[in-house]
Amino acid sequence: MFRLSDTAIDIAALRARLARADAGACVTFEGWVRDHNDGKAVRGLAYQGYPALAESEGAKILEEARARFAIAEALCVHRVGELAIGELAVWAGVSAAHRDAAFAACRYIIDEVKRRVPIWKNERYADGASGWLHPDNTPVA
Amino acid sequence: MNYRLLYFASLRDAAGSADERVESTACDPRALYAELAARHGFAFAPERLRVAVNGAFTGWDHALADGDEVAFLPPVSGG
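First to last, the sequence lines map onto chains A and B. 14 is the number that my numbering gives to position 14 of the first sequence; each next residue is one higher, with no gaps. In my numbering, each residue carries its 1-based index in the second sequence increased by 141.
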């Protein structure tokens, strides 16, 4: 399951969904809102998503992880809306019989989510400015 | 033909709305984007965007149908 959430992510509930009798390893990743980016002080940020496509592309990534790695369960939730410094922005979790597959699958999921899922980050800076991040190494006019 | 456009991130800011309905003679996303970019002053070249029609990724030469929901997606920055 991949989904967008406009409220705080319930880690305990997600972790419980990873539990399986045949799983001996659980790897989770938490992405937090950081107070700086690219040399600028960040006060907070807002995520905007394209829900229908984000959820189908996210589900596809989780399916790919299941096909590539010997895992039991994989879940990912990404926040949308306004977030403060320190808040949980994205959570990915994988359970597997053994740790190698769990680590590799969790890494694959978060990397692909960042690369492909239609979600955009708008940072609010200490100087009052704000801006969308469109990171493909070309400036946004 | 009549299309529903969805806008996100900096394209939403430039268009001044999250969505709109447009009447257009454009029959693929490439021609439709050119029209909208001229009207709203979109700064992105098409090479930097991805196209989605009716909630699925597709190509710039996709044949559009009347009533399609079209989105031009700027480079993403989740995570």
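Hints listed in this document are in silico derivations from the structure and should not be mistaken for laboratory results. Among the hints, erroneous ones may be present.
Claimed, not checked - In silico negatives: residues of chain A with every beta carbon more than 10 Å from chain B: (1) Ala-16; (2) Gly-44; (3) His-98.
Said to hold, decoys possible - Now the stretches of chain B that chain A is said to cover, found in silico as 3 or more residues with beta-carbon under 8 Å: (4) 142-153; (5) 192-200; (6) 203-217.
As the list claims (entries may be wrong) - Counterexamples of contact, computed for chain A against chain B with all Cβ distances above 10 Å: (7) Glu-57; (8) Glu-63; (9) Glu-64; (10) Ala-89; (11) Lys-114; (12) Arg-116; (13) Val-117; (14) Pro-118; (15) Lys-121; (16) Asp-136.
The C-beta atom is built at its ideal place from N, Cα and C for all residues, glycine as well.
Checked hints:
1. Ala-16: holds, 24 Å
2. Gly-44: Holds: least Cβ distance 15 Å, greater than 10 Å.
3. His-98: Holds, because the least Cβ-Cβ distance between A/His-98 and chain B comes to about 26 Å, which exceeds 10 Å.
4. 142-153: Answer holds; 5 residues pass the 8 Å Cβ test.
5. 192-200: It holds, with 4 qualifying residues against the three required.
6. 203-217: With 5 residues in contact (Cβ-Cβ under 8 Å with chain A), the coverage given for the segment 203-217 of chain B holds.
7. Glu-57: violated, 8 Å
8. Glu-63: holds, 15 Å
9. Glu-64: The claim stands: A/Glu-64 keeps its Cβ more than 10 Å from every Cβ of chain B (closest is about 15 Å).
10. Ala-89: Incorrect as stated: the minimum Cβ-Cβ distance to chain B is 7 Å, not above 10 Å.
11. Lys-114: The claim breaks: A/Lys-114 does not keep its Cβ more than 10 Å from every Cβ of chain B (closest is about 4 Å).
12. Arg-116: Non-interface label fails for A/Arg-116: nearest chain B Cβ at 7 Å, not farther than 10 Å.
13. Val-117: violated, 5 Å
14. Pro-118: violated, 5 Å
15. Lys-121: violated, 4 Å
16. Asp-136: Its Cβ does come within 10 Å of chain B, the nearest being 4 Å, so this is violated.
Checked against the numbered hints given earlier, this structure breaks hints 7, 10, 11, 12, 13, 14, 15 and 16; the rest are met.
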